[in-house]
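Colleague: Residue numbers (the numbering used here), protein chains in the order written: chain U, 1 to 316; chain Y, 1 to 316.
Note that these hints are calculated values from the structure, not bench results. Any given hint could turn out to be false.
[Unchecked claim] Heads up, incomplete: computed chain Y residues facing chain U, CB under 7 Å, no partners named: (1) Arg-12; (2) Lys-96; (3) Ser-224; (4) Leu-282.
Note that this is a predicted model, so its numbers are computed, not measured. Glycine residues also receive a C-beta, built at the ideal position from the N, C-alpha and C atoms.
There are 2 protein chains.
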Amino acid sequence: MPEADTAPAPFRRLAVVGLGLIGSSIARAARHYGAVETIVAIDRDATVLDRVRALGLADEVTDDLAAGVAQADLVILCVPVGAAGEVAKAMAGHLKPGAVVSDVGSVKVAVAAAVAPHLDPGIDFVPAHPVAGTEYSGPDAGFSTLFSGRWCILTPLPEGEPEAVARVQAFWETIGAIVECMTPEHHDLVLAITSHVPHLIAYNIVGTAADLEEVTQSEVIKFSAGGFRDFTRIAASDPTMWRDVFLANKDAVLEMLGRFNEDLSALQRAIRWGDGDALHALFTRTRAIRRGIVAVGQETAEPDFGRGRTREPDPS
Amino acid sequence: MPEADTAPAPFRRLAVVGLGLIGSSIARAARHYGAVETIVAIDRDATVLDRVRALGLADEVTDDLAAGVAQADLVILCVPVGAAGEVAKAMAGHLKPGAVVSDVGSVKVAVAAAVAPHLDPGIDFVPAHPVAGTEYSGPDAGFSTLFSGRWCILTPLPEGEPEAVARVQAFWETIGAIVECMTPEHHDLVLAITSHVPHLIAYNIVGTAADLEEVTQSEVIKFSAGGFRDFTRIAASDPTMWRDVFLANKDAVLEMLGRFNEDLSALQRAIRWGDGDALHALFTRTRAIRRGIVAVGQETAEPDFGRGRTREPDPS
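Chain U on its own, in the form it takes in the complex:
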């Protein structure tokens, strides 16, 4: 059975550090899909741990990082990217030889630089980023199918063990994700335009609307169906996570923001000068990108965006 011989060995004991939306979804998905034998939930917040226990998301629940990761085969850091280095430092020396450490951060260059130096030789670090989420936070917000059909990007380090990468890839595929590998630098550029700048812009316009004197907040809220409400959904995402993303991916975000601003100036000028042809040309071109997204299956053509499927009964 050549396939069985070459298949990467699954992880037996998984430790999830940080049980927010992503961490709790990984715990739920790992159990739902039978990806591991034992799940350890680690969080320093007692309220979070109480919810994790009440929801029955893990086999072991602890606020003791060193003890929690001690016997783990795979440790996934699900903390804001600004906290990843600190957590790595605190668990250094407590990991067992051959353990694999991964993460879920939306920024990869800065996280790799913060985490890797703390890990002993013999510990493999495979940075990962599941491109999935909702605007909700905390252990109650997670669900086992969050990663289903979504991309998970791995950004293996040059010195990384290919076998560890293959095992992490197999873990993500088991819980439903589609895996792609790229360099950390390229990841940070791609995500700057597909995620970080869109979030920044959404936060910004919601703030602008809140400060208007001529238009009341109540009016903004009432008439948000005109397009604004999609921005408020994005701008309701976790503030700490996003603060860390912008600080950690500063260069790529400022680069993409610069391009966005140049393009917006041109559009502003077209409006001021009544250049309807320029506006129409851009608006026609952007339709094609939407069609591409629907075609590639990251979205459906249904008005509910395919979001309805996230509400299937969650077995965990």
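Starting from the structure of chain U, add chain Y where the hints point.
Modeller: Frame of chain U; chain Y shown alone:
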């Protein structure tokens, strides 16, 4: 029966000019809710008229504007705002005395200025704007519950007949909308921030992403789940309609865009200087607005945004 005495007289014969997403939804809703006795569909595009016939959306279907509006009690212009004046001019003199003309334009000052001068005395013009829509266009995209629980803003002219306003209000309420009145000037400011600038920004960032050299279009499409895909949905809206909106509401859009740009510069500076507190403060504040929108019922807290309900079986 005092209520029957004071209730505004319903319209018997409705003419819808322009059978796109909004016009076809009005036709479907008017029939579904029994708002009128007879529906006339008028469009200059033969392909659209063929679809209207095939879908059975109206009692009479014609490309002859003058004949179509001749006996109507209520004429609703559902054309791009840049075309409203031209249509009003073409139907002037063909309307019957006492007829009421309305529209659905996303801009009210410019439309009122373009339409009103063409209407004879004895014809009432009641500008309206249903704040509802999807990113789809054309007669197949409409559905009868599009306006259900959504706001419809009326911007009566100073010389407008209160009785005509009351009848138009009753029409919209019959097809499920909630009606609010305001001045055309205030409408244009409110919609500039809740709809027009959000659309402009969405179009802009989708264009920026399409032009990148370092990140391929295929990558943008694949990893859009990080936030970008919500912008692509908005940026897939009808190009002609939106070109006209920006040209017709130039002053309010440029005013709101100026504020947006000032705020974005401050945010850009906070990122450049690593001011995490400023970022966190803004990101926390914007969450409250989202909660307001969910609380007021223009949105639900469900991950599908309440969009699922637009897929209920359409009886028309």
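Colleague: For every hint, state whether the structure bears it out.
Modeller: So, going through the hints one by one against the coordinates:
1. At about 30 Å, the closest approach between the beta carbon of Arg-12 (chain Y) and any beta carbon in chain U exceeds 7 Å, and the interface hint on this residue is violated.
2. Evaluation of the Lys-96 (chain Y) hint against chain U yields a violated restraint, the C-beta minimum of about 34 Å exceeding 7 Å.
3. Hint status for Ser-224 (chain Y): holds, given a least beta-carbon distance of 5 Å to chain U, under 7 Å.
4. Taking 7 Å as the C-beta cut-off, the interface hint given for Leu-282 (chain Y) holds, the closest approach to chain U being about 5 Å.
Hints 1 and 2, counting from the list given before, are not met by this structure.
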